[in-house]
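Below are the chains, spelled out letter by letter.
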Amino acid sequence: EDKVVQSPLSLVVHEGDTVTLNCSYEVTNFRSLLWYKQEKKAPTFLFMLTSSGIEKKSGRLSSILDKKELSSILNITATQTGDSAIYLCAAPIYNQGGKLIFGQGTELSVKP
Amino acid sequence: EAQVTQNPRYLITVTGKKLTVTCSQNMNHEYMSWYRQDPGLGLRQIYYSMNVEVTDKGDVPEGYKVSRKEKRNFPLILESPSPNQTSLYFCASSFTGYNQPQHFGDGTRLSIL
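Protein sequences appear in the order of chains A and B. Residue numbering for the first sequence follows the numbering used here, beginning at 1 and increasing consecutively. Residue numbering for the second sequence follows the numbering used here, beginning at 1 and increasing consecutively.
Since the hints were made in silico from the structure, they are not lab data. In this text, all values refer to a predicted model and were calculated from it rather than measured experimentally. Note that CB positions come from ideal geometry on N, CA and C, so glycine has one too. Keep in mind that a hint or two might mislead.
When the alpha-carbon atoms are kept at most 25 Å apart in a straight line, the in silico BS3-like pairs for lysine-lysine are as follows [stated by the list, open to error]:
no., chain 1, residue 1, chain 2, residue 2
1, A, Lys3, A, Lys99
2, B, Lys65, A, Lys99
3, A, Lys56, A, Lys68
4, A, Lys41, A, Lys111
5, B, Lys18, B, Lys69
6, B, Lys57, A, Lys3
7, A, Lys99, B, Lys69
8, A, Lys99, A, Lys41
9, B, Lys57, A, Lys99
10, A, Lys40, A, Lys57
11, A, Lys41, B, Lys65
12, B, Lys17, A, Lys99
Chain B residues, not near chain A, derived (Cβ > 12 Å throughout) [claimed, not checked]:
no., residue
13, Thr13
14, Arg44
15, Val54
16, Lys57
17, Gly63
18, Asn84
19, Thr86
20, Gln102
21, Leu113
Given the sequences, and given the hints that come with them, work out the whole structure.
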């Protein structure tokens, strides 16, 4: 059965800390993994990863895929209170049409 | 402004009373999908549509129906809602497929009493 698992499920840090969020997957015919950030409302897209070892970066956020370990990490450096959100990773199931599987999400809380 | 619009945003209703949640996108996207979000379970896909008149089941389709008669609209129908369908629902779309970033609506919070 295809699945995506995130860890930790929740995390509390202080402003300025660096955090690493994990996403592991067991997906048939894996090709890509996506990260989203969800604040109060709709998830918004962060990164799409297709190649192992190539880091994607946007400001203080970065992400990398490790196809050997069947996992991805999302790093946030110098965290700010505005980084407080649920972070979701998702993997398309390529042999099942338009199916998409999400992990449970990691709820990050950044304290001042 | 490019957007996915869901209505209603909030609804409290009773068991067995049919309801429809509408979803409309103005980006000419081919792919649309419905998800429900429950604490500790993340987003779970209910139904998706690769194009007009093409729909298929996601992981949790029981108790739901969808239709895709026009490219821009993808309504979610609960024929006989039950309390276990109380949840936060999201509609999303992307240009050509599920392996592209999706644009999400702001969500519909449904409470079935």
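Any hints this thing doesn't respect? Which numbers, in order? 12, 14, 15, 16 and 20
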